[in-house]
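Engineer: Each chain, written out:
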Amino acid sequence: DAKTTQPTSMDCAEGRAANLPCNHSTISGNEYVYWYRQIHSQGPQYIIHGLKNNETNEMASLIITEDRKSSTLILPHATLRDTAVYYCIDKSYGQNFVFGPGTRLSVLP
Amino acid sequence: NAGVTQTPKFQVLKTGQSMTLQCAQDMNHEYMSWYRQDPGMGLRLIHYSVGAGITDQGEVPNGYNVSRSTTEDFPLRLLSAAPSQTSVYFCASSYSWASREQYFGPGTRLTVT
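Line order of the protein sequences matches chains A and B.
Residues 38 to 146, numbered by this note's numbering, are exactly what the first sequence covers, in order.
Residues 1049 to 1161, numbered by this note's numbering, are exactly what the second sequence covers, in order.
So here's chain A without its partners, still in its complex pose (with noise of 0.2 Å):
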């Protein structure tokens, strides 16, 4: 079973930016937060993954409490494109990906 919780679905505006939370009540200390996403009946894809630190790349950027707790998905200005279903999934090296039911964005015209 998934370790971390995410809401069932969201809508955004395109152009806007879309904030997808996520909690990890369970992390431990080894464990890295990554976000995949899946477009309608493809697989999934990677967006970004992280420690302990905030990070950014081309496609997201993703924030992560201090506590670790939770972390947040961000998507800056959201194109229809990114309608998808989001996953956050905590891991350490060498465990397999768990993948829960995600999160299901749709960005609305």
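In short, the hints are calculated from the structure, not lab data.
Glycine included, C-beta positions come from ideal geometry on N, C-alpha and C.
Hints may contain errors.
If you want the footprint, here are the derived chain B segments under chain A, 3+ residues with CB under 8 Å [said to hold, decoys possible]: (1) 1076-1090; (2) 1131-1140; (3) 1143-1149.
Label-pair distances were calculated between CB atoms; the ranges are [stated by the list, open to error]: (4) Ser1147(B) <-> Asn60(A): 42 to 48 Å; (5) Thr1068(B) <-> Asn56(A): 39 to 45 Å; (6) Leu88(A) <-> Asn1113(B): 34 to 40 Å; (7) Leu145(A) <-> Ser1147(B): 31 to 37 Å; (8) Glu95(A) <-> Lys1057(B): 42 to 48 Å; (9) Arg1157(B) <-> Pro113(A): 29 to 35 Å; (10) Thr63(A) <-> Glu1149(B): 21 to 27 Å; (11) Lys106(A) <-> Gly1064(B): 43 to 49 Å.
Given the coordinates of chain A, work out where chain B should sit on it, guided by the hints.
Structural biologist: Quick look at chain B alone, frame taken from chain A:
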């Protein structure tokens, strides 16, 4: 690079039939895995392999067999198909078990009647 390829894209089986879902990657990845995804649910790990000749069970291994004779290929065998195995199957690979990024194939949609 073709990445991760899966065949077939769609398959319909009758209960009791057996078949093999094919998965191949051309990235020289050591780690490969199989997931199934049922409607409205996340992906559940069936089997995984950390290298050629090494396989292990995931969360839902019953009714499935795997082998890893080469680095490139990781076939999934359904021994005796059941309606409960109707699902979408995804194969994934990564450079190693510790890699942050897994690359997923396009999936195989299987229906068992």
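Engineer: Next, verify each hint and record whether it holds.
Structural biologist: Against the structure, the hints:
Coverage of the stretch 1076-1090 of chain B by chain A holds in this model, with 5 residues showing a Cβ closer than 8 Å to a Cβ of that chain against a need of three. A stretch counts as covered by a chain when three or more of its residues have a beta carbon under 8 Å from one of that chain; for the stretch 1131-1140 of chain B and chain A the count is 3, and the coverage holds. For a cut-off of 8 Å, the count of residues in the stretch 1143-1149 of chain B with a CB near a CB of chain A stands at 4, and the three-residue condition holds. Under the hint 42 to 48 Å, the C-beta atoms of Ser1147(B) and Asn60(A), about 25 Å apart, miss the expected range.
For Thr1068(B) and Asn56(A), the Cβ-Cβ distance of about 43 Å falls inside the hinted range of 39 to 45 Å, so the restraint holds. The hint said 34 to 40 Å for the Cβ distance between Leu88(A) and Asn1113(B), and at roughly 36 Å that hint holds. At roughly 35 Å, the beta-carbon separation of Leu145(A) and Ser1147(B) lies within the given 31 to 37 Å, and the hint holds. Roughly 30 Å separates the CB atoms of Glu95(A) and Lys1057(B), a value that falls outside the hinted 42 to 48 Å.
Checking the proposed 29 to 35 Å range against Arg1157(B) and Pro113(A) shows it holds: the Cβ atoms sit about 34 Å from each other. A C-beta distance of roughly 23 Å is found between Thr63(A) and Glu1149(B), which places it inside the suggested range of 21 to 27 Å. Taken as a hint, the range 43 to 49 Å holds for the pair Lys106(A) and Gly1064(B), whose Cβ atoms sit roughly 48 Å apart.
When the structure is compared with the earlier hints, violations turn up for hints 4, 8 and for no others.
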